[in-house]
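Heads up: the protein sequence lines correspond to chains A and B, in order. Be aware that the first sequence starts at 3, since it is given in my numbering, and climbs by one per residue. Be aware that the second sequence starts at -16, since it is given in my numbering, and climbs by one per residue.
Since the hints were derived computationally from the structure, they do not count as laboratory data. All values reported here derive from a predicted model rather than from experimental measurement. Careful: at least some of the hints might be erroneous.
[What the hints assert, rightly or not] Listed next, the stretches of chain B that the computed footprint assigns to chain A, with coverage defined by at least 3 CB atoms under 8 angstroms from CB atoms of chain A:
| hint | stretch |
| --- | --- |
| 1 | 22 to 29 |
| 2 | 248 to 259 |
| 3 | 279 to 293 |
[What the hints assert, rightly or not] No farther apart than 25 angstroms at their CA atoms in a straight line, the calculated lysine-lysine pairs in the DSS-like style are these:
| hint | chain 1 | residue 1 | chain 2 | residue 2 |
| --- | --- | --- | --- | --- |
| 4 | B | 369 | A | 898 |
| 5 | B | 203 | B | 249 |
| 6 | B | 249 | A | 151 |
| 7 | B | 35 | A | 136 |
| 8 | A | 898 | A | 608 |
| 9 | A | 143 | B | 7 |
| 10 | B | 80 | A | 136 |
| 11 | B | 198 | B | 369 |
| 12 | A | 898 | B | 73 |
| 13 | B | 198 | B | 249 |
| 14 | A | 724 | B | 232 |
| 15 | A | 151 | B | 83 |
| 16 | A | 143 | B | 80 |
| 17 | A | 143 | B | 249 |
| 18 | B | 249 | A | 112 |
| 19 | A | 136 | B | 83 |
| 20 | B | 80 | B | 47 |
| 21 | B | 83 | A | 143 |
| 22 | A | 151 | A | 112 |
| 23 | A | 61 | A | 441 |
| 24 | B | 126 | A | 897 |
| 25 | B | 249 | A | 61 |
| 26 | A | 441 | B | 232 |
| 27 | A | 897 | B | 83 |
Ideal Cβ positions, reconstructed from N, Cα and C, are used throughout, including at glycine.
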Amino acid sequence: MTSMIDNSMRLNAPMGLLLNRDNAVEFLFEGQRYQGYAGDCIASALLANDRWLMSRSFKYHRPRGPLTMAGQDANTLVQLGGDPNALADRTPIAPNMQIEGQNYNGTLDKDRDAMLGHFGRFMPVGFYYRSFFKPMGVWDKWEGVIREKAGLGRLDLNFEPEYYDKKYLFTDVMVVGSGPAGLSAALKAADGGAQVLLVEEMPLVGGALAYNRFDIEGIEADRLRAELIAKVEAHDKITVMVDTVCNAWFTDNYLPLIQGKRLFKVRAKECIIASGAYEQHVVFRNNDLPGVVMCSAATRMMKLYAIKPGQSAVVLTGNDDGYLTALELNDHGVNVKAVVDMREGAAPMDLIDALSKRGITLHQGYTVYEALAEKGNKRVKAVDVRKITAKGEVGNASRVIDCDLLCMSAGYMPAYQLLCQAGAQLSYADDLAEFTLSKLPEHLHIAGSVNGIHQLDSVMADGQRAAQLALNNLNLSDELPGKVSCSVKPNFDWPIFSHPKGKDFVDFDEDLQAKDIVNATRLGYRDVQLVKRFSTVGMGPSQGRHSALPTARLVANSTDRTVTETGVTTARPPFAPEKLAHIAGRIFDPYRRTPMHHRHLELGAKMIPAGNWRRPAFYGDPNERDACIHTESVHVRNKVGLIDVSTLGGIELKGPDAAEFMNRIYTFAFLKQPVGKTRYAVYTNEHGVVIDDGVACRIAEDHFYVTATTSGVDRVYRDMTKWNAQWRLDVDILNVTSAYCAVNLAGPDARKVLETLVTDTDLSPEGFPFLAYGEADVAGIPARLLRVGFVGELGYEIHVPSRYGEALWDLLMDAGKAFDIKPFGVETQRLLRLEKGHVIVSQDTDGMSHPGELSMTWAVNRKKPFFVGCRSVDIVMAQPQTRKLVGFVLPAESKKPEEGHLVLEGDAITGNVTSCEYSPALKQIVGLAFAGINSSQPGDHIYIRVDGQLVEAEVVNLPFYDPDNLRQEM
Amino acid sequence: MPFSLLKYGLNKDYPFEQHADLPKPTELKPHYDVVIIGGGGHGVATAYYLAKYHGITNVAILEKSYLGGGNTARNTAVIRSNYLTSEGVKFYSESVKLFKELSNEFDFNIMYSQRGQLTLAHTDAAVRGFRQRAEVNKHFGGKTELIDPQQIRELVPTLNMNPADMPVLAGLWHMDGATARHDAVAWGYAKGATQRGVELHQLTEVTDVIVEQGKVTGVKTNRGNVSCGCVVQAVAGHSSLLAAKAGFKMPITTFPLQAMVTQPVKPFLDPLVSSPSLHCYVQQTGRGELVFGGGSDPYPLYSTRSTMDLKESLLANAVELFPFMANMRLMRQWAGLTDMTSDYSPIMGLSPVDNYYLDAGWGTWGFKSTPICGKSMAELVASGGKVPELIKPFSMDRFNSFRQVNEMGATAASH
Ligand SMILES: Cc1cc2nc3c(=O)[nH]c(=O)nc-3n(C[C@H](O)[C@H](O)[C@H](O)COP(=O)(O)OP(=O)(O)OC[C@H]3O[C@@H](n4cnc5c(N)ncnc54)[C@H](O)[C@@H]3O)c2cc1C
C-alpha cells in the first residue's frame, strides 16, 4: 500500500503549538497509509492530507468532518481497532495506529446507507412511535431490522482489559480549566497561600489564549499566555495537570480526574470552575457538511496543528470574534471571500476597517441560508447568502459565494455541566441572549466565560474574584472581592434559519433538524424534557453541547414561552464520555482465606465461595461430588472427621451488662446461663423473622462469646452495635471473626483424638459433657472448646487465635492418624446436619419464617419482657399458622426432589423443598420442606413436583438420624 | 418501509393538530370526580383505564413536573414476571400480558422488546432460589427455566463464566423478560386518556390534601384548590410525604436508586443479563447503548444526585461480567427515588382516609406493573372502594397483620 505523505495543508511554525515536526508518524485510516507529526490528533493529521470526511452520522449516514476540533462534538467519532467512538479530534495519532470511520455500509466514501438521507421526510420526529407495529405482530420483525442499524462503532468482543488504576489527591483549591480565567485564579489563590491544583483537558495550558485571536494585530494572546505560564511554572504552590479532564462534580467537591489510564479522586476544599464556553453553530440547511466548522475550530486547526483549513473561506458570525477569525485566516493565506455578520451595524469600526484593509467583503444583516455541496455531500463548495428580513427569515435574493470552508459563530453556551451537576441554576438572560449560572453550593466558584464574562481583561479579573472567595473560605484572607462585569454581547439571539427542504441541523449527533424540534412541540411534547425524550435531541455522545441552546429557543418560540421558562435538560455526570475501564479500575477480586486454606488445597479440596470466603465443599475428584460426600459422611458417622469452620462468625461481649444485652438480642433466656455452658442463640429481626443463629458460650459472668453464621455475622454485629446505641448498656461488643479460627472435630473417635493433645481438661462425658464450654491447652495452643453437635456425633468445636490455625489443623490431623481421621467439607456437613434435622438459617428459612414455623419455639423465651422481634413473634404466634417446616422421607429409588421444588396441595402452592439429599446413614432420601399446616404432622403426606411429576413423600418426626441423641451426647 | 411512514412523509403539513398525542394545557376546573396525584406511568394508566373501561372521564391528573418525569423517565424498563410468591407472580404475569398488546391498543409504538432475561447464580443458595422461582413461574404459565452453564454460554457467548472469581453455576432464563420504551408507555396512556376526556395538568403540584371527617374532599395545588370525589395517590418516591399531608404514615423508607448508560455501539447483546451476587445488571437498548443498573444506595435519602461510589462498584462488576466492556464509554449517570417496603412488594388499595386510594411502595420494580396496576386501581376507584382480588394481598394493612408478600430475594439487583 502506498503511503500518502502529503501534508500540503501545513502552515509554518510558530503555527502548530502541539506539533513535533521532527517526529513523523505513520498511521492507517480506512486501510490507507497517512503521515502526520507527533502531537497531531487523528483529525488534524487527516486534514493535513486534505481528508475531511471522517465518519458518518447516526440516522441519515451523512458525511461528517471536524466541527469543533476540541472533542465537543460527535462528528468525528472513529473506530480504533476494537475501540469504538474514539474522538478523532482529541485522540493523538500513534505509529501504525489503525483507524476506521464509523457507521457506514460499504465504505466510508461510498456508503450504501447514505440514501437514507433522501427518505428523511418519511422519518419524521418520533417516527418509531408512529409505525412498525401494525398489524399486530409485525413489530417483532421490524425490531430486528431496526436493531441491526443501531449503534455507532463496533466493540471488540475479545478485548482483554488493560491495566488501569486509581489514586487519591487532596488540595486546597482545584481550578478546572487553564484559560485566562483559570490561570489568573490559580495564581491569585496560590499567591494567597493556598495549595492549587490546576487541571486542563487539552494537552497544553492556556485555553482560548492558545488558539483564539483577541486583537487586530494578533499578538495579545501569545504575549499574555507566555506571561501567565511563566508565572505559573515558577510558582511552587501550583501543580498543573494537562491532558486531564475533571469528569464530574460529586457532593463536597469530590472530583474524579481522568489522565491517561489513571483515575484521580480529588477532594478539594475549594473548587473554581473556569471551564469556558462552547461556541455555538448557526442553524441553516446543510450546516453539517464537511468544511463547515466553528470559528474556534478553524483557529485551533491553525494555531495548534498548523493546518490551513481551506483555500477560500466565508465567515458567518453573530459577534466580533468572527471578524478576528477572518483576520487570522487571511494572515495564513486563506482567501476570505466574505464575512457575513447576522447583526446589522453592531461591529466596531476598527474591525470593519481591518477587513476592508485586507479587501475582505462584509455583509451585515445577512446570513448563510444554505451550504452547497460537492456531489455526495463530501465537502462544502459554496454558500447561499441572503439578507435577514425578520427573526429567522430571509429574502429571496440569493448570492452564491464559492468556498471550501465556512466558519461560523452564533455565540457561546457556558460549559455548565459540572456546575449543574453541583445543583447550580441555569437561567437565560434575555439582554445577553445567553445562559447564566447562579445558586452555586458553598466552596464552589465560577470564573470566566462560563460565567458570561468574555472580555479578556474582565475574564482575568473574574478569575481573581473567584480565587478571592476561595481564599476567604480558607481563612487565608478576608478581602471583599471586587465586582466584575462585561459589556460584550457575543450571542446572536436567533441564529436559526429553517429551510423548507430541511437538513438544517440542530443536533448533529442525532441528525435532528429545526422542524423536528418544532414538530415535537406541535405533537404535544411541549416541555423541553419531553422534547428531548421524544425527539432524542441532546441524547447523543455530545450530550447537547450544541443542541441545548437552539432547542431551548425553538421550544420557547413555538410554545409561546421564554427561554428561561423552557430551560434546558439536566446535566448529569460524566462531563465527557469515560471508559468503563477508568471507573472500574484494576481487576481486583479479593476473597478471604481461612488460616488452613493451604492445607485444604494440598488435600485436594474442591473450593466453593461462601460469602467472601472460599471453603472446601468436599475433598477429592470434583466430578465425583456425590461419592466424595458419601464417603466423608460415612467416615464421620463411623470414625472421626475434621472440618474447618473458621468462617463462622465470632462476637465477643464483655461488661457488667453482657448477659442483659444477650437476653435482649436473642430469643432464649441468657441471664441464668451458667458459666462454662453453651446455649443455642436464635436472632429474630423486628418482623419476628429468624435471620441468624449461633451458639452462645458463657466464659464468665460478664463475658460471652457467641457464634453467628458465615454470611450473617456482619449484619448481626451491625445490628448489635445499632441496638446498643439505643440501649446504652454497659457492654463492649467486638466482631472477632477473623481473630479466631475454628475446627469441628466430630465422630465417635473424636474424644480419643483430642485426649492425645489436651492434658489440662478432663474430657470424659462427665468432666466435659454435651453443651459444655471450657478453655483448654491443645498441645500448647490456647483454645476455646465447645462441645456441640451440629452433625449429630460426639464433637468438639475448637476455636483458637487465627495465627495457630494451621498448627492446630496439623496437630489434629497428625494425632488423628491413628484413628484414621479424614477431613470433610461443607457439603458433607450439610448432609450430616440434615440427617440430624438441623436447620440452616437462610437455606431452610426464608424472609417470612418465624420461630413457630420452624418448630423453634423451644428456643424462644416468651416469659422474658423483651427481645428484638418479641412483639412481632407474639402477634404471629397468636394467629393461625399457615405453613410449617417439616421433615420428609422418600424411598431411595424414588425421584429425588431438588431444593426449590414446590409442595402442592391441589392447584395451590403450599411450600417448597429447602434441603434434600440421599442419606447414606438412613439409606433413604431425606429432606426438609415447608408444607401447608394441614399436612405437617408425622404420617401426613405431601406432594412435591419434581421435574413436572408429583412425588408423594411422607412427613416424619425430626431428627431423621439418632432420634434419642445418644451419639452426640456420648 | 411501513405504509404509515409514507402517509406522514407525503403530507406537507404534518403534523396537524389532530395528530397531536397530547393536548395543549388548559385551566384547572374547580371540581373533578377523580383526582390522580402523579403523572407517572401509574397515574396516567389509572386514568386511561378509568376512561376506557368505566366511562369515568371527569378526571384530572396532577403532575408537579412533566408527564412521566419521575421514575417513569428514569427506570431501566425491565419487564418480567419471574417473582417468587404466588401473589407476585400472578400479578406481574397479568402485566406482561397487557404490555404485549399496548402498542396496538394505543396506536402508538411502545417498542415492546421481548429478548428474555438471564439471571446468574454464583452460589448454591442462588441456585435453590432460582429453581423455586422457575417452578412458581411455570406453575402460573410463565416461561422460565433453570439452565446450566453450557446453555448460558450458548445464550450469551460473550459472558465471562467466572466473574470476580465467582463461577456461574446456573441461570434463571426467563423468556418473557422484556423491555419497552418507558417514556412511550406514559405517553401512550396519556394520549389514550386525554383523547377520552381526561385532563392532564403538568407543572401542577399538590401541596396539601384536604380531609374532612376522615374523608378526602379536595387538594391544594400551586395553581389553586380543587375539590374532588376521590383521590388516587401515585407519586412513587414521594408517597410518604404526600401521605403525611393526608394525615397518615406509610411503612416506607426512601432510597435513591441509580442507573447509567453508555454510548451506542453495534448490537451484540440480546438478553437482559443480571447478577444479583455482583449487584449488577445490563441490557443493550434498541439504540445500541448499554444500560447498567444495580442495587439501591445504602442509606435513605431524598436526593437524586449521582455518586462516584456506586458507579465504581457497579462498573467494576460489569467489567467482570463482560471484560471487553472496559472499552465502552459511559455517557450518563442518574438517579431516582425509590420507596421501599420491608417485603419488597407494593402497597395498593385503601388508606386510613376514606376515598383516598394508594398506589405506592413500588421501590425499584414498579415500571413493569404499570398496566396491571393502572387497571386494578381503576377498578378500585370505579367500584367505590371494592378492592380487586388480584391486589388484595398488597394492602397496606398487611404490615399490621403480618401477611407480608416477601419478594426480597426475587428483587435484589434485577428490579
Ligand atoms: C434507576 C431506576 C431504575 C429502575 N428500573 C426499573 C426496572 O428496570 N423495571 C421496573 O419495573 N421498575 C424499575 N424502576 C422502578 C420504576 O421506575 C417505578 O417503580 C415506576 O416508574 C413507578 O411509576 P409511577 O408512575 O408510580 O412513578 P413516577 O413515574 O415517579 O411518577 C410519580 C409522579 O408523581 C409526581 N409527583 C410527586 N409528588 C407530587 C405532588 N405533590 N404533586 C403532583 N405530582 C407529584 C412526580 O413528579 C412523578 O412524575 C426503576 C427505578 C429507578 C429509579
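Which hints, by number, does the structure contradict? Result: hints 1, 4, 5, 9, 12, 13, 20, 23, 26, 27 break, sorted rising.
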